[in-house]
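All chains should be built: construct the whole structure from the sequences, respecting the hints.
Under the numbering used here, the first residue of the sequence shown is numbered 77, with each subsequent residue one higher.
Check the hints yourself; a few may be wrong.
Said to hold, decoys possible - Computed list of lysine-lysine pairs in BS3-like fashion (alpha-carbon distance at most 25 angstroms, straight line):
{"#": "1", "residue 1": "K589", "residue 2": "K144"}
{"#": "2", "residue 1": "K191", "residue 2": "K144"}
{"#": "3", "residue 1": "K304", "residue 2": "K277"}
{"#": "4", "residue 1": "K595", "residue 2": "K304"}
{"#": "5", "residue 1": "K595", "residue 2": "K142"}
{"#": "6", "residue 1": "K191", "residue 2": "K120"}
{"#": "7", "residue 1": "K595", "residue 2": "K582"}
{"#": "8", "residue 1": "K120", "residue 2": "K86"}
{"#": "9", "residue 1": "K584", "residue 2": "K540"}
{"#": "10", "residue 1": "K131", "residue 2": "K277"}
{"#": "11", "residue 1": "K144", "residue 2": "K597"}
{"#": "12", "residue 1": "K142", "residue 2": "K423"}
{"#": "13", "residue 1": "K191", "residue 2": "K142"}
{"#": "14", "residue 1": "K131", "residue 2": "K86"}
{"#": "15", "residue 1": "K540", "residue 2": "K466"}
{"#": "16", "residue 1": "K304", "residue 2": "K269"}
It is worth saying that the hints were derived from the structure and are not from the lab.
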Amino acid sequence: MNAFNFDTVKEIIAQAENSHVEFKETTGQLDRAMESLCAFLNAKGGTVFFGVTDKGRIIGQEVSDKTKRDIAEAIRRIEPSAPVNVSYIDVPDTERQIIVLQAEEQRDIRPFVYKGKAYHRMESGTYTMTQDTYNNLLMQHGGRYVWDSLTNDDLSVDDLSEDAIIGAVRQGIRNGRLPETTIREDVPSILEKFDLMRNGKLNNASVVLFGKDFYDYPQCRLRLARFKGTTKAEFLDNRQERGNIFDLLDAAMAFFFKHLSLSGKIEGLYRKEELSIPYKALRECCINALCHRAYHRPGTSVGIAIYDDRVEIENSGAFPPDMSIDKLLTGHHSEPRNQLIANVLYKSGVLESWGRGIALMIDECRQAGVPIPEFHSDGSAVWVTFALPKRAIKRATPQATPQATPQATQQATDKATDHVSDHATDHATDKATDKATDKATDQATDQATDQATDQVVKLLEAIKEDALTARELMELLGLKHRVSFGNSCLTPAIELGFVEPLYPDKPKHPRQKYRLTEKGKEYLRKL
Numbered sequence: 077m078n079a080f081n082f083d084t085v086k087e088i089i090a091q092a093e094n095s096h097v098e099f100k101e102t103t104g105q106l107d108r109a110m111e112s113l114c115a116f117l118n119a120k121g122g123t124v125f126f127g128v129t130d131k132g133r134i135i136g137q138e139v140s141d142k143t144k145r146d147i148a149e150a151i152r153r154i155e156p157s158a159p160v161n162v163s164y165i166d167v168p169d170t171e172r173q174i175i176v177l178q179a180e181e182q183r184d185i186r187p188f189v190y191k192g193k194a195y196h197r198m199e200s201g202t203y204t205m206t207q208d209t210y211n212n213l214l215m216q217h218g219g220r221y222v223w224d225s226l227t228n229d230d231l232s233v234d235d236l237s238e239d240a241i242i243g244a245v246r247q248g249i250r251n252g253r254l255p256e257t258t259i260r261e262d263v264p265s266i267l268e269k270f271d272l273m274r275n276g277k278l279n280n281a282s283v284v285l286f287g288k289d290f291y292d293y294p295q296c297r298l299r300l301a302r303f304k305g306t307t308k309a310e311f312l313d314n315r316q317e318r319g320n321i322f323d324l325l326d327a328a329m330a331f332f333f334k335h336l337s338l339s340g341k342i343e344g345l346y347r348k349e350e351l352s353i354p355y356k357a358l359r360e361c362c363i364n365a366l367c368h369r370a371y372h373r374p375g376t377s378v379g380i381a382i383y384d385d386r387v388e389i390e391n392s393g394a395f396p397p398d399m400s401i402d403k404l405l406t407g408h409h410s411e412p413r414n415q416l417i418a419n420v421l422y423k424s425g426v427l428e429s430w431g432r433g434i435a436l437m438i439d440e441c442r443q444a445g446v447p448i449p450e451f452h453s454d455g456s457a458v459w460v461t462f463a464l465p466k467r468a469i470k471r472a473t474p475q476a477t478p479q480a481t482p483q484a485t486q487q488a489t490d491k492a493t494d495h496v497s498d499h500a501t502d503h504a505t506d507k508a509t510d511k512a513t514d515k516a517t518d519q520a521t522d523q524a525t526d527q528a529t530d531q532v533v534k535l536l537e538a539i540k541e542d543a544l545t546a547r548e549l550m551e552l553l554g555l556k557h558r559v560s561f562g563n564s565c566l567t568p569a570i571e572l573g574f575v576e577p578l579y580p581d582k583p584k585h586p587r588q589k590y591r592l593t594e595k596g597k598e599y600l601r602k603l
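Now the structure itself:
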């Protein structure tokens, strides 16, 4: 990357804005600047200058620690991660600086997105990339370099569960998606047919789908919590599971059967048990979360939170570029983030059909007469909220996990066994039964660590040693909706004792700001 000084900056600026140079007066235009930087990465590279007018006049800008943190956070929102050189050039005879963001061409790992959207450059303008252009870039570059297809030289077939592989094959044969002869092939041949092995080397997708040891894959994790009431103030059950997708799906469904109330109705000669939220809707949501999440971010995971009035399922990532929530709800073609993982799940019968997941969730809820789910995204995470029907809220009388009786545990076991055996792969049924029968006496000793969601952690990292307004925090986190920011970030952080307002007795004080408590600072230091 180029080394900049004031003279070289003047020379570049004199050329005016073009296909690889962008001017911004201040970092108040940071989002627009990052969109241009994303466009440069999707082309031949380029440079953004802050402190320069559209006509190329150098005015500089004041640079604070917050300015630098804002820039660093914005760069982290570019996916996949890209090297961006940041320089601060003094403007002579002033206290101001020119900020230079330079990105070189990254031809092997396109396309890039910023806050879940892809951009491209035409002359001196930046535009949202069309879906066709995005798909073409993905085919040219992403098929080989996306995270799930990257090979790991340290992996061997012994690191994978043969039972899980054979179970997936059997389920695929049952669903007519694999030929019957597949079951007679050896494991390496099956992996090659699944595109999980090439030239004797396994890729990341093989571990996500069939792994046994996850020391090098911390993202293969599921957070499960049952809260008392409608906030994160108190746990009734709290645990984390590590495993491949099939294991985590089993754990999720067993957790639902344990904590969501059941109702029964007679169909013919048999009594059919039903969850307060349809089983198929919850299962499809979990499959989508596990299949489409951003696995390249090792510190993230899928999270399931059950409250008295709702269920929330969260995963890292974003909706596909140019895909609005309205479009997702009205029908769309499938655009899996992790193509290899999605392909194996489809062939093994776990994914019902391409692009039908959201419609299936909505249909199941409507048929059951319960509220349809709500879909949300802030550019770095996606979460789905299922509201519990009023009849289920009235009936719910949750008990803390340590008080669960052996009889209640056995009832949950029986119900989980009956339902999971109908829908999970053969190898997974026993695991789901075992998970449901566990006595729930493993409540975490350090609840604060587990309670802190990814959004709360980002909030703490944004505040650090400062006191910031809600608007400033929303800008740092890239959030636009005040209610969503309060529900997912600020309120949980305050309830956990990590953040406190400067005017606690006057929540709407005109100069209200938020800072870290000693507990919050200590938690941040331990991260």
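- Query: What hint numbers does the structure not satisfy?
  - Reply: 3, 10, 12, 15, 16
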